[in-house]
Amino acid sequence: MLYYIGAISLILIGMYAVLTKKNLLKIVVGLSIVDSGVNLLFISVGYVKDATAPIFSMPSLTADKMVDPVPQALVLTAIVIGLATTAVALGLVIRLYDHHKTLNINKIRQLKW
Amino acid sequence: MRKAIAILLLAIVGYYFINVFIHMPFGEKREGVGKYYLENTVKETGAANVVTAIVVSYRGFDTLGEVTVLFLAATGLGAILFGKRGEKRRLQGASVIVKTTSMMLYPMVVLLGAYVFVHGHLTPGGGFQGGAIIATGVLLMFMSYRHFNVSHNALTWIESLAGLTFATVGLIGLALGTTFLQNFLPLGTPNDLVSAGIIPIIYIAVGFKVGAELTGVLDNMLKTIR
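Quick mapping for you: the protein sequence lines, in order, are chains A and B. Quick note: the first sequence uses our numbering, first residue 1, plus one each step. Quick note: the second sequence uses our numbering, first residue 1, plus one each step.
So that you can see chain A by itself, here it is in the shape it has in the complex (with noise of 0.2 angstroms):
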């Protein structure tokens, strides 16, 4: 229960961060806060207790010692995505700023909210 407690408020201080800083490198430092939440969500739900990882290395692993692997798998798609979009979003970040040389998101008046 304190996993799903401890990632909920990672994916809330991530969306805060998103939320209220005006400087753009913050943002997306936010939105990867929030990567790494779900990504924790994703595998304290697939845990089991005084269970080990799914990889039967040894003859003594059994099936019903093991996590769910489902969620594992999910997460490792998710991660990588999750860098790529990360990289996407600083390029981003570059390129505004060397068009109005700031990351001050009220200096730069599209982004406005």
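Keep in mind the hints are simulated off the structure, nothing from the lab.
In silico lysine-lysine, DSS-like type, Cα no more than 25 angstroms apart, as pairs:
#, chain 1, residue 1, chain 2, residue 2
1, B, Lys3, A, Lys107
2, B, Lys35, A, Lys49
3, B, Lys3, A, Lys21
4, A, Lys26, B, Lys3
None of these values were measured; they are calculated from a predicted model.
Assemble chain B onto chain A, guided by the hints.
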């Protein structure tokens, strides 16, 4: 004012999150698809690592899509930063100690990356992780040597060939068997290096592809400060 609105909004989102997850059992045994995978993976695919079997075999088509997304992101970043030559900044070169150490570490890091993606079906690891490790090695070199360069042509070739291998293996499965990415090689004994049919081939291709793409991303980013 803005902060208050944000906190209110997040409180609502958090309330619904908690409301959903309070009903999710935590740490209990699962039924359904996860159980099926755990019980049948070794029999059906020959891979000891169930996560790898799901990513490459059961959900292989999804992984092909994921690799495509990664490719698009890398290409898109190249397009966004295209033609940008950053203002000349005086970057100090790294010290002799850093240079020598990274020179010695670089082959080891690449070797570790290769090990991780070759053993993807046996140990925790696989193409994505191995590729990321290789890209870290290249980043080490980028940071210690200012004039370390990677050939863009070579990266493009590696990327394209690896992607082509993935698609071709899938299509051979379609031609010989019944479905896309159908296994057409003998499964071998589980926990052998050469086992699990097409899974190692695909994961090695993915490893090369991810390594080349992430290196390209790093190169594009670093070009902006050269």
